[in-house]
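Student: No gaps in the numbering here: position 222 of the sequence shown is 362 in the working numbering, and each next residue is one more.
Do not take every clue at face value.
Derived DSS-like pairs: lysine-lysine, alpha-carbon spacing no greater than 25 Å straight-line [to be verified]:
1) Lys322 / Lys228
2) Lys339 / Lys322
3) Lys184 / Lys228
No wet-lab data here; the hints were simulated from the structure.
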Amino acid sequence: MAISDLFDLSGKVALVTGGSRGLGRAMSLAFAECGADVVVTSRKADNCEAVADEVRAFGVRALPYGCHVGHWDELDGLADAAYDEFGKVDILVNNAGMSPLYPRLSAVTEDLFDKVVGVNLKGPYRLSALVGERMAAGDGGAIINVSSNAAVEATPGSEPYGAAKAGINSLTLSLARAYAPKVRVNCIQAGPFLTDISKAWDMEAFERNAKTGIALQRGGQPDEVVGTALYLAGGAGSFTTGAIIRVDGGSF
Numbered sequence: 141m142a143i144s145d146l147f148d149l150s151g152k153v154a155l156v157t158g159g160s161r162g163l164g165r166a167m168s169l170a171f172a173e174c175g176a177d178v179v180v181t182s183r184k185a186d187n188c189e190a191v192a193d194e195v196r197a198f199g200v201r202a203l204p205y206g207c208h209v210g211h212w213d214e215l216d217g218l219a220d221a222a223y224d225e226f227g228k229v230d231i232l233v234n235n236a237g238m239s240p241l242y243p244r245l246s247a248v249t250e251d252l253f254d255k256v257v258g259v260n261l262k263g264p265y266r267l268s269a270l271v272g273e274r275m276a277a278g279d280g281g282a283i284i285n286v287s288s289n290a291a292v293e294a295t296p297g298s299e300p301y302g303a304a305k306a307g308i309n310s311l312t313l314s315l316a317r318a319y320a321p322k323v324r325v326n327c328i329q330a331g332p333f334l335t336d337i338s339k340a341w342d343m344e345a346f347e348r349n350a351k352t353g354i355a356l357q358r359g360g361q362p363d364e365v366v367g368t369a370l371y372l373a374g375g376a377g378s379f380t381t382g383a384i385i386r387v388d389g390g391s392f
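Using the sequences and the hints, build the whole thing.
Tutor: Written as structure tokens, this is what we have:
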């Protein structure tokens, strides 16, 4: 493979959940710039359409699709819509996530717990099953899960989220075996990124803690996830599967 082809996604189709903002938007636009058609999905269809317009500016096709990935019964429709529009999915990115605040552990209701697990673990499992089986039966593909350092580090205030993301790490390893050899399944274990979610943070405290808790002493910008995503999506990562790659600025 020529070096120039390592990140070329021409003719590929990518489906990105949580694709309308943050890391999902950055990855959607990067895939489009490298030649892929993109299915942009998130809960709000209007936001998906706005990013789809940005995707089309690269001369590729886009399908905006409103879907709540925590709702199992909506995912069949999402997968079918992608295959009806493009005939295939080559790259699936399970990026959608949620980590709501709560005052104390006992205040987490069953409904809230189920919602966190639904979006962060149940949805990625189901969508990976629906798309991964078709990939394995066809020309193969790449599944990229987005996890969090909360999966492996004590993160007070994010206990259900961290547990669900630990499940994503485990699921990555299992699916890499289940869909081998035609489908590669990997995980980006993300650290603190300065996306819309960070607007709720105490930034003075974050920046102070970053000086001693993150090697690069700062949070990441959304486009700093792009290099890893492109590596895992295309030819550059052709011998990489079952990997959990930290993209966290050296958090410790």
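Student: For a quick check of understanding: which of the numbered hints are violated here, in increasing order?
Tutor: 2
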